[in-house]
Amino acid sequence: MIEPGSIEECSAQMAKATRDRQRVAFVGGGTALGLGNLGPEPDVQLGTRRLDRVVDYAPEDQVIVAEAGLTLARLAELAAPNAQWFGVDAPQPERATLGGLVAVGAFGPRRTRYGGMRELLLGLTLVRADGAIAHSGSKVVKNVAGFDLPKVVCGSLGSLGLVARVTLRLHPAPEASQTCIVLDASSADVVDAVRALRRAQLEPSSLVALRRGAGRFDVGARFEGFERGVRRDAERFVEILPSARHAGTDPSLGDGFWRDHATTRTEGELRIRVAALPTDFGHVEGLLEPLLGSLERPRQAWYAGLGLGFASGQLTSDARALEALSLARAGLMRRGGSLVVEAAPKAVRAAFDAFGAAPGAFALMRELKRRFDPDARLNSGRFIGGL
Amino acid sequence: MTRKAGYVSLASMSHADASDTAAAPLSRHLVQRFASIVGEANCISDPAQLVTYECDALPHLRARPGIVVLPKDRDEVVQVVRLAYEAGLAVVPRGSGTGLSGGATPSAGCLLLGLSRMRRILEVDLDNAWMRVEPGVINLDITKRLAPHGYYYAPDPSSAQVCSIGGNVAENSGGAHCLKYGFTTHHVLGLELVLADGSVVELGGPVLDTPGYDLRGAVVGSEGTLGVVTMVTVRICRAPETTRTLLATFKSTADAGNAVSLIIAGGILPAAIEMMDQLAIDAVRSIMGVHLPEVTALLLMDVDGTLAEVEHTAAKASERCRAAGALEVRQPANAAERDAMWRGRKSAFTAMGRLCPNYIVQDGVIPRSQIARVLTEIARLSEHYAVRVANVFHAGDGNLHPLVLYNASIPDEARRAEACSGEIVRLCLSAGGSITGEHGVGKDKAAYMGEMFSETDLETMNLLRCAFDPERRFNPGKVFPTPRLCGDQPGHYKPHAAELDGRIGRG
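These protein sequence lines map, in sequence, to chains A and B.
Residue numbers are given in our numbering: position 94 of the first sequence equals residue 94, and the series is strictly consecutive.
Residue numbers are given in our numbering: position 29 of the second sequence equals residue 29, and the series is strictly consecutive.
Watch out, some of these pointers could steer you wrong.
[What the hints assert, rightly or not] So, partial list: chain B residues that the calculated Cβ filter (under 10 Å) puts toward chain A:
{"no.": "1", "residue": "VAL124"}
{"no.": "2", "residue": "GLY174"}
{"no.": "3", "residue": "GLU202"}
{"no.": "4", "residue": "SER222"}
{"no.": "5", "residue": "GLU223"}
{"no.": "6", "residue": "GLU241"}
No wet-lab data here; the hints were simulated from the structure.
Every residue gets a Cβ at the ideal spot worked out from N, C-alpha and C, and that includes glycine.
Kindly produce the complete structure, drawing on both the sequences and the hints.
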């Protein structure tokens with residue numbers, strides 16, 4: 001593994017790899033290396049561990065420019081003294097790096113309020129396959145000059161270039177946070193809870209359903225903001241959903257809930273991500289149940305207002321899991337949704353495409369990849385359709 | 001730069017494309033073929049009628065299109081684009097023509113594709129908070145359709161009553177309330193796009209996170225250079241429980257700028273913070289319908305959310321304004337008064353006519369902590385060039401709209417106005433900002449792209465364009481300072497029969 005200490009060094013390494021016709025893979029914190037397809041083995045690994053400097057942090061503008069290897073946890077430490085934070089609450093903050101989070105298009109439950117990496121990435125420095133260093137976006141929160149390359153690079157899994165430096169929008173950290181929990185809800189109750197919250201004009205920063213057994217869920221709604229508003233919102237949540245328990249009186253309830261959520265997203269040798277319309281949750285539940293039933297320690301989380309979910313567990317039988325994965329994906333795709341494999345043992349990854357059938361716009365995607373990486377040397381084969 | 005009335009500088013012509021020079025009229029046969037797709041009435045080739053389409057809301061940049069075609073649906077767009085491709089015509093898409101950067105300025109002899117007849121609202125899904133519309137649908141009509149159900153569409157450009165959603169997608173339009181809710185790109189979930197060869201692709205959709213590259217994110221803000229958007233899936237928002245409007249007056253723009261910094265630093269995220277200086281206030285005083293004594297600057301703010309949160313944040317914002325030296329912080333007595341305040345703000349550009357016959361609008365962005373300093377610098381530039389500059393802008397996100405006023409009939413004043421305006425853009429760049437926050441680069445600001453981005457940066461952006469439109473058929477001469485090629489052409493190029501016998505040329 002080569003670990004460049006500067007963007008110029010990255011550029012030199014990339015140019016060298018081009019000359020030597022070497023395949024390059026990028027490694028940040030290594031939290032998402034299971035995501036995507038199995039490509040050919042890279043000749044060179046470029047690690048961003050040493051690229052961890054803060055280039056510019058203007059607390060008064062709530063904008064930070066940092067190198068790609070900075071971890072999410074370190075970013076949080078830097079922002080905290082200014083009563084600020086970064087809205088992307090992705091798992092494993094101690095390890096996850098900003099560059100990696102861009103590559104996977106990361107998000108956490110607070111996407112409900114702040115959006116994910118896609119929404120908060122203002123600018124980007126990309127080291128291209130040929131070593132050229134290209135900047136896009138800007139250091140201000142509003143900018144439409146030129147094409148929005150940060151959006152295209154976000155979630156591109158390192159297939160277009162090395163993310164070397166990022167500019168991020170920060171937010172004021174809330175004064176207070178409270179989680180309310182509805183215990184033992186059905187999938188229909190989860191959908192109703194979303195509706196009820198909207199009707200009541202309540203605006204939780206996170207809304208997550210966690211599977212507690214076949215067809216049963218706990219629903220956690222987190223309210224964040226100024227103390228008075230949060231208290232009132234939590235009280236109203238309990239008013240409109242009388243079965244809810246108010247974690248205000250029992251903070252450990254909320255802590256345990258979010259710990260379980262994090263476990264769902266980080267543990268288990270098989271981890272998948274699903275997307276569907278929020279009101280289709282009943283179908284999602286039905287489609288995932290055979291898979292979850294085939295796993296040991298099955299876990300599932302559903303971001304109820306967004307229509308995004310995660311499932312994970314230990315495999316008991318590859319064959320059963322593969323069959324259940326195919327069925328679930330087919331059902332989700334019929335409803336306009338998707339299923340993406342975030343981690344799985346090699347045998348499963350070899351037998352089951354991480355992203356599924358290439359979409360209608362695949363010809364465009366292939367052409368985009370070809371323009372940025374003509375010899376297909378960057379993170380080869382890992383992205384959609386083997387790009 | 002955006003100039004209101006007839007003034008063309010040599011500077012703005014120097015980056016013109018070769019395609020801007022006079023073009024031969026289209027053959028009658030070709031015109032008939034377009035007419036057979038969209039009907040005679042929707043196919044304009046009469047020179048007198050073409051004049052209407054020579055410019056968008058930036059009237060000093062003009063060119064005569066070869067033909068204007070107004071399709072009624074996606075299938076007609078596909079046929080028109082396919083025929084234009086075959087005939088080697090450049091295609092310039094146009095929505096309502098309200099753009100302020102010349103994004104829909106035709107290239108001479110092009111096919112101008114007007115999408116204003118495509119105004120159907122196709123699908124509304126309140127439970128999942130999305131809606132599907134055709135590109136010609138007017139921005140405000142989306143909210144009007146949703147209002148009875150307590151939902152709305154968040155991006156609110158000042159031209160919301162007339163601008164189209166397709167145009168908003170092209171420009172990644174903003175608006176006053178984007179501070180809290182984000183821009184068009186945060187509210188577009190999916191697009192249907194017609195490519196140069198007439199093929200149709202779906203990008204994104206109502207379900208989040210479609211696997212693959214975020215090409216929808218690439219198209220939003222691409223200023224019509226990648227394809228023609230024929231359908232848009234937008235995210236819609238539940239109306240907040242309550243909105244409180246605050247109007248704070250100050251004795252200087254520096255005080256008002258400091259108030260903005262204090263509010264942001266206080267952890268408050270209002271839905272909107274707009275600033276107006278003395279000249280802007282003078283222009284809209286009668287529209288605002290509120291008594292505004294001799295104040296030099298004002299902030300107009302909306303704070304929204306749940307009731308308890310809003311009570312707290314409104315109080316905190318008022319307190320911060322007073323701490324920055326506000327003369328007065330008032331709340332509108334009723335909805336009518338609130339509407340009048342916002343109407344005043346939103347009609348500020350048009351109201352400038354009361355002060356001066358001509359103006360140039362800039363759209364530069366600066367880090368929001370530097371408003372007070374940059375406004376002082378702008379005042380200095382105004383004095384130096386002896387032209388008046390009015391400021392009315394989105395203070396919360398640092399998006400300035402300095403209006404450089406001039407009278408074109410006074411010798412040399414236009415030149416000084418342009419010089420002053422150019423210096424203001426450079427001032428924004430030197431403060432670490434951007435040349436445009438929401439109006440787009442278009443034709444107007446293309447010359448400044450090279451001051452914000454390096455040649456490598458621009459070349460990299462061009463790679464994206466080449467993936468979509470390798471022959472640069474869509475909206476040539478926009479965004480980039482100099483025409484650039486795409487290198488190799490994918491696939492084997494076969495010249496069309498009309499090309500072989502010399503009737504048409506390429507590009």
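Hints and how they fare:
no. : hint   : in the structure
1   : VAL124 : violated (14 Å)
2   : GLY174 : holds (6 Å)
3   : GLU202 : holds (5 Å)
4   : SER222 : holds (6 Å)
5   : GLU223 : holds (9 Å)
6   : GLU241 : holds (4 Å)
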